[in-house]
Amino acid sequence: MAASSRAQVLDLYRAMLRESKRFSSYNYRTYAVRRIRDAFRENKNVKDPVEIQTLVNKAKRDLEVIRRQVAEQGTAARRKTGNSSWSLGKPCTHWP
Amino acid sequence: RILTYYTVNLLKLNFNANPIGVDDVKNEKQKKKISRFYLDSQATTMIDPRVFDKMIPYMTYVYGNSHSRNHFFGWESENAVEEARENIIRLINGKNNKEIIFTSGATESNNLAIIGICTYYNNINKNKNHIITSQIEHKCILQSCRYLQTKGFEVTYLKPNQKGIIELEDIKKNIKPNTILASFIFVNNEIGVIQDIKNIGKMCKENQILFHTDASQAIGKVPIDVQEMNIDLMSISAHKIYGPKGIGALFIKRKKPNIRLNAMMHGGGQERGMRSGTLPTHLIVGLGEAIQLCSREMERDNKKLIFFFNYVKQYLSKNLDYIIFNGCQINRYHGNLNISFLFVEGESLLMSLNDIALSSGSACTSNTLEPSYVLRSIGVSEDIAHTSIRIGFNRFTTFFEVQKLCVDLVNSVKRLRSISPLYEMELEKNNSSSDTLQFVWT
Numbered sequence: 001m002a003a004s005s006r007a008q009v010l011d012l013y014r015a016m017l018r019e020s021k022r023f024s025s026y027n028y029r030t031y032a033v034r035r036i037r038d039a040f041r042e043n044k045n046v047k048d049p050v051e052i053q054t055l056v057n058k059a060k061r062d063l064e065v066i067r068r069q070v071a072e073q074g075t076a077a078r079r080k081t082g083n084s085s086w087s088l089g090k091p092c093t094h095w096p
Numbered sequence: 001r002i003l004t005y006y007t008v009n010l011l012k013l014n015f016n017a018n019p020i021g022v023d024d025v026k027n028e029k030q031k032k033k034i035s036r037f038y039l040d041s042q043a044t045t046m047i048d049p050r051v052f053d054k055m056i057p058y059m060t061y062v063y064g065n066s067h068s069r070n071h072f073f074g075w076e077s078e079n080a081v082e083e084a085r086e087n088i089i090r091l092i093n094g095k096n097n098k099e100i101i102f103t104s105g106a107t108e109s110n111n112l113a114i115i116g117i118c119t120y121y122n123n124i125n126k127n128k129n130h131i132i133t134s135q136i137e138h139k140c141i142l143q144s145c146r147y148l149q150t151k152g153f154e155v156t157y158l159k160p161n162q163k164g165i166i167e168l169e170d171i172k173k174n175i176k177p178n179t180i181l182a183s184f185i186f187v188n189n190e191i192g193v194i195q196d197i198k199n200i201g202k203m204c205k206e207n208q209i210l211f212h213t214d215a216s217q218a219i220g221k222v223p224i225d226v227q228e229m230n231i232d233l234m235s236i237s238a239h240k241i242y243g244p245k246g247i248g249a250l251f252i253k254r255k256k257p258n259i260r261l262n263a264m265m266h267g268g269g270q271e272r273g274m275r276s277g278t279l280p281t282h283l284i285v286g287l288g289e290a291i292q293l294c295s296r297e298m299e300r301d302n303k304k305l306i307f308f309f310n311y312v313k314q315y316l317s318k319n320l321d322y323i324i325f326n327g328c329q330i331n332r333y334h335g336n337l338n339i340s341f342l343f344v345e346g347e348s349l350l351m352s353l354n355d356i357a358l359s360s361g362s363a364c365t366s367n368t369l370e371p372s373y374v375l376r377s378i379g380v381s382e383d384i385a386h387t388s389i390r391i392g393f394n395r396f397t398t399f400f401e402v403q404k405l406c407v408d409l410v411n412s413v414k415r416l417r418s419i420s421p422l423y424e425m426e427l428e429k430n431n432s433s434s435d436t437l438q439f440v441w442t
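Top to bottom, those sequences are chains Z and B.
For the first sequence, position 14 matches number 14 in full-length UniProt numbering, and the numbering has no gaps at all.
For the second sequence, position 411 matches number 411 in full-length UniProt numbering, and the numbering has no gaps at all.
There could be a bad hint or two in this list.
[To be verified] Listed below are the simulated SDA-like cross-link pairs for lysine to any residue, each with C-alpha atoms no more than 25 angstroms apart in a straight line:
#1 Z:Lys21 to B:Lys202
#2 Z:Lys58 to B:Asn79
#3 Z:Lys58 to B:Lys172
#4 Z:Lys21 to Z:Lys47
#5 B:Lys429 to B:Val407
#6 B:Lys172 to B:Leu158
#7 Z:Lys58 to B:Ile356
#8 Z:Lys21 to B:Lys429
#9 Z:Lys44 to Z:Gln73
#10 Z:Lys44 to Z:Ala71
#11 Z:Lys60 to B:Lys202
#12 Z:Lys44 to B:Cys294
#13 B:Lys318 to B:Cys294
#14 Z:Lys21 to B:Phe399
#15 B:Lys313 to Z:Asn27
#16 Z:Lys58 to B:Phe399
#17 Z:Lys21 to B:Asn79
Don't read these hints as lab results, they were simulated from the structure.
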């Protein structure tokens, strides 16, 4: 399997930062951004292609976690402010 | 490089430095939007998003009972529970997954350890009825001991020294032939002091008494090795380490002879008969993931907490007088800072800091008007104990929050002291010969 290129790693880094900045909670947002920057900086001198691919795969999984949590927090925030059909007494149509 | 940066800035006393790195609150408009700051991490912590993400499948489509042995749904849940057990054992250097019993939290673990152990061994040998603990334990341990006293047990409550440390000599003097158990809190929840657990464990092993420690504030924050520290029983809580509320664990060492206890929850015989009840798989997975994250992030988190601790101490010392930092300042967990601001009532100070969540003591005693019994035990007078507040930093605390805390604390303390008759008298005392301590306030 070909190791991820520098451009791919940078794209992943930018995607993670972009998603992290969408956290509605200030503390989660700042922690995620800080943690991502620290993690990429710590591993910037890794040369082994296998290790690089392992780290990239882990980062991709973490990106999915961030996306899910950003979506979940957004839903929770809307529920709290009452901007959802559920709180307005309308039938909930999006339940699976 | 980061440590060097910290050191250089501390030496320069540059209070505008932000060596922690990223803080996305750059402009005034954004700063105004942030209205609430949580700095009461000893009461509870926010759940880490990574922990919650791990829990979600077990709250939705992985719903099997982990004790259902006949089908895939049960096996899936059982594997998740065993993985969480493995994570805990790995962090504390335990030997076997079976040493972990899941409970509803550290309170239940403490009750199970103290009442369960003591009643079991007392049933076998009626002469064994002595427990040693300290005056600064968590309320659940003190109340468990008080309950056992009503059942005829003898309990020795050791007084700590002024730094909050229990002296080894005191423990040694109080060990008797009829002692069953010694229980000492690892990291105190109010003053953050770390006890000399290694030497206490060694002493208990030499005297063949069981050693229990309440590690709910310590696990995942300070290194724990149950083998090296000779810990026989240890209570763990998830919600203090960015995990969900409602789950904890009790570590019971496997040794010869086996440690046995009387169960307090009877039923289907789960958890080796020690704690019956269907296991909440999603909460256990949350606890396991929180523990795993702590083992990876402990060093990084502690570096940040040490910086915040030193920053707050230096800032307050520079800008305020008549402040006391309670507890030993060296053997401590740096995420906990307990400060007494003389001539200012603690509750009034908390009310004036209405957008910062702090505490004036333990959450379990926050609805009483009594001053903190922990502070009273370490020799702090009642009037000074009333002036104390507790600050708790956590993994998600930012430098902006710490700076805001410092500025608001200084302003609030100065404002409250300006209307405090006691402070006015103290200032007059410095210019005259009268002594404010002569006045007795009811």
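Status of the hints after comparison with the structure:
1. Z:Lys21 to B:Lys202: Violated. Lys21 (chain Z) to Lys202 (chain B) sits at ~49 angstroms, over the 25 angstroms cutoff.
2. Z:Lys58 to B:Asn79: 22 angstroms, holds
3. Z:Lys58 to B:Lys172: 51 angstroms, violated
4. Z:Lys21 to Z:Lys47: 29 angstroms, violated
5. B:Lys429 to B:Val407: Distance ~28 angstroms between Lys429 (chain B) and Val407 (chain B) Cα, so the pair is violated.
6. B:Lys172 to B:Leu158: The hint holds at about 11 angstroms.
7. Z:Lys58 to B:Ile356: 36 angstroms, violated
8. Z:Lys21 to B:Lys429: 55 angstroms, violated
9. Z:Lys44 to Z:Gln73: Not satisfied, since the Cα-Cα distance of roughly 31 angstroms exceeds 25 angstroms.
10. Z:Lys44 to Z:Ala71: With a Cα-Cα distance of about 30 angstroms, the restraint between Lys44 (chain Z) and Ala71 (chain Z) is violated, given a limit of 25 angstroms.
11. Z:Lys60 to B:Lys202: 46 angstroms, violated
12. Z:Lys44 to B:Cys294: 23 angstroms, holds
13. B:Lys318 to B:Cys294: 34 angstroms, violated
14. Z:Lys21 to B:Phe399: Roughly 18 angstroms between the alpha carbons, so the hint for Lys21 (chain Z) and Phe399 (chain B) holds.
15. B:Lys313 to Z:Asn27: Answer holds: Lys313 (chain B) to Asn27 (chain Z) is near 23 angstroms, not above 25 angstroms.
16. Z:Lys58 to B:Phe399: 28 angstroms, violated
17. Z:Lys21 to B:Asn79: Status violated; Cα separation ~35 angstroms.
Hints 1, 3, 4, 5, 7, 8, 9, 10, 11, 13, 16 and 17 from the list above are not met by this structure, while the remaining hints are.
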